[in-house]
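J.: Protein chains in written order, with my numbering: chain A, 20 to 326; chain B, 20 to 326.
What the hints contain is simulated information worked out from the structure, not anything from laboratory work.
Treat the hints loosely; a few may be bogus.
Said to hold, decoys possible - Once the Cα atoms are required to be at most 25 Å apart in a straight line, the calculated DSS-like pairs of lysine-lysine come out as:
1. A:213 with B:324
2. A:298 with B:298
3. B:88 with B:55
There are 2 protein chains.
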Amino acid sequence: MEKNWDVIIVGGGPAGLAAAIYCGRALRKTLVLEKKVFGGQIINADIIENYPGFAEPIVPAELMEQMGKQAERYGVVLENDEVANLRREQNSWQIEVYKNLYTAKALVYAAGSVHRFLGVSGESELLGRGVSVCATCDAPFFVERKVAVLGGGDTALSEALHLAKFASEVVLIHRRDQLRAEKILQERVFKNEKIKIIWDSEVLSYRGDKKLEALELRNKKSGNSEIVAFDGAFLAIGTIPNTGLLKNFVDLDENGYVVTDISLGTAAGGLFVAGEVIKGNRRQVAISVGMGVQAALSCEEYLAKLD
Amino acid sequence: MEKNWDVIIVGGGPAGLAAAIYCGRALRKTLVLEKKVFGGQIINADIIENYPGFAEPIVPAELMEQMGKQAERYGVVLENDEVANLRREQNSWQIEVYKNLYTAKALVYAAGSVHRFLGVSGESELLGRGVSVCATCDAPFFVERKVAVLGGGDTALSEALHLAKFASEVVLIHRRDQLRAEKILQERVFKNEKIKIIWDSEVLSYRGDKKLEALELRNKKSGNSEIVAFDGAFLAIGTIPNTGLLKNFVDLDENGYVVTDISLGTAAGGLFVAGEVIKGNRRQVAISVGMGVQAALSCEEYLAKLD
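Please put together the full structure from these sequences, using the hints given.
T.: Below, the structure is given as structure tokens:
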């Protein structure tokens, strides 16, 4: 395996693969490192309807496979490996992986974010089969259905209000007896006749065979449990950006997201960012792809000056 | 024709159509106004290889047709009409078109930019047939060919250097006797053995039947003309953003581009921007699409607060 690269891209989701296509086309020796499966979180979804360019719904795993092949067409190497450490030394980046050490003139960091999950029974099995982490993406699948939203913050309430335009009934399930969200969102939720709230409750398990059928809930005050039928359940308890490796190099906000401008550059020389590690990104494939392209072109501008 | 809309999108290129898909899916009554042909400038190109999601080259006109149909699938109306004037009145936008007046609660402004062209004989006929406005897009088509780059600024020199990685010979044609570009780019151009410069010269015409074969050049000092064979000619004499209508509402930089942050909002209430009107955008379909999605989601956040 080659040790020295022009560009190493950390993360093989939509942002990383889009960046890879452009770095490859700029004839840069480019390696993409992905610790899980190439394609990113979106490949867990059954279909995607909102990636611009496809009038009919498509299969996310196929879309992302095309993106990977498109990068390889331009000579990019895709490698499954987890980055353990990053170091900046003499105008070059040292990238430590499991059993190897690479160098790169520039880095595009697109390691994404992870949803907070409850980690209870049925959750991973039913993800994409009634259990969703994105109302913007999946609301149109729940026309005249009954859905739950888990959470009590701005995202949870925004998703509940969005879902109420499609679903017949939306139940917000919150583990406390008051909401954390903006007051204006709270008012709108309280006024919306389609939205009900179950207070002081947590989800003990997701029930259903091939798709979600019900949630097992427990009231934390009374201790009573019950099984309640639902067609959909939207997790909105937050996300965590994969930015631990960047701490020493760039400004992170209080939640760990990278603060940057439209160039997608950072204060660290030769370090560019894209996708869901960025503050203000709204977790859509098209946004991450666009940012991947923008980061790759900023990266190319940087490399061209070193040539 | 309906007069009152939730969202009016100005511009039916990649940014506008991507925004339309998301506004439609948020169940907003959405109208897209395009003064020329839906799909934007990219439909002038024969193929596109760098829109992520397609391992094989595709036809841009077909990609953009899919994007238009995808927006219509969610109830968006696409209308050919030119915006003559914008006014902000009582929390609403008034959009004056040729023979009509619309209102909208929010605007997504994605009217794009236009390349400066020379306006000489053969230029429009051979555009996409050897005449190009984008080296990033088209350089790989000119492996071992002889190409011209017209211009003397940063873009022209960057494109010349990029093209030199593919072409056998790159000739920079500049109408002055010195370059305007950054010194580091000039040094690199002077050092590159593949790049030659023709000074003090302008292009009088593009020659060729079905594709570009030669340029007619005139030396402005001597007055002499000559015909020089080329396989490609890259125009790099600048772009002009279509932002005249925004002057009274947002901050524009000295070249007329909108200055904004990652949210793609503006100082004007309910006005969002996307695509090539934005300072720092690098004129790629994927970047404009990603920005269209981001602007639509910022717009939806704004509208949700008005509901």
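J.: The structure should be examined with respect to each hint, and the outcome stated for every one.
T.: Verification of the hints:
1. A:213 with B:324: 18 Å, holds
2. A:298 with B:298: 20 Å, holds
3. B:88 with B:55: 17 Å, holds
When held up to the earlier numbered hints, the structure conflicts with none and fits them all.
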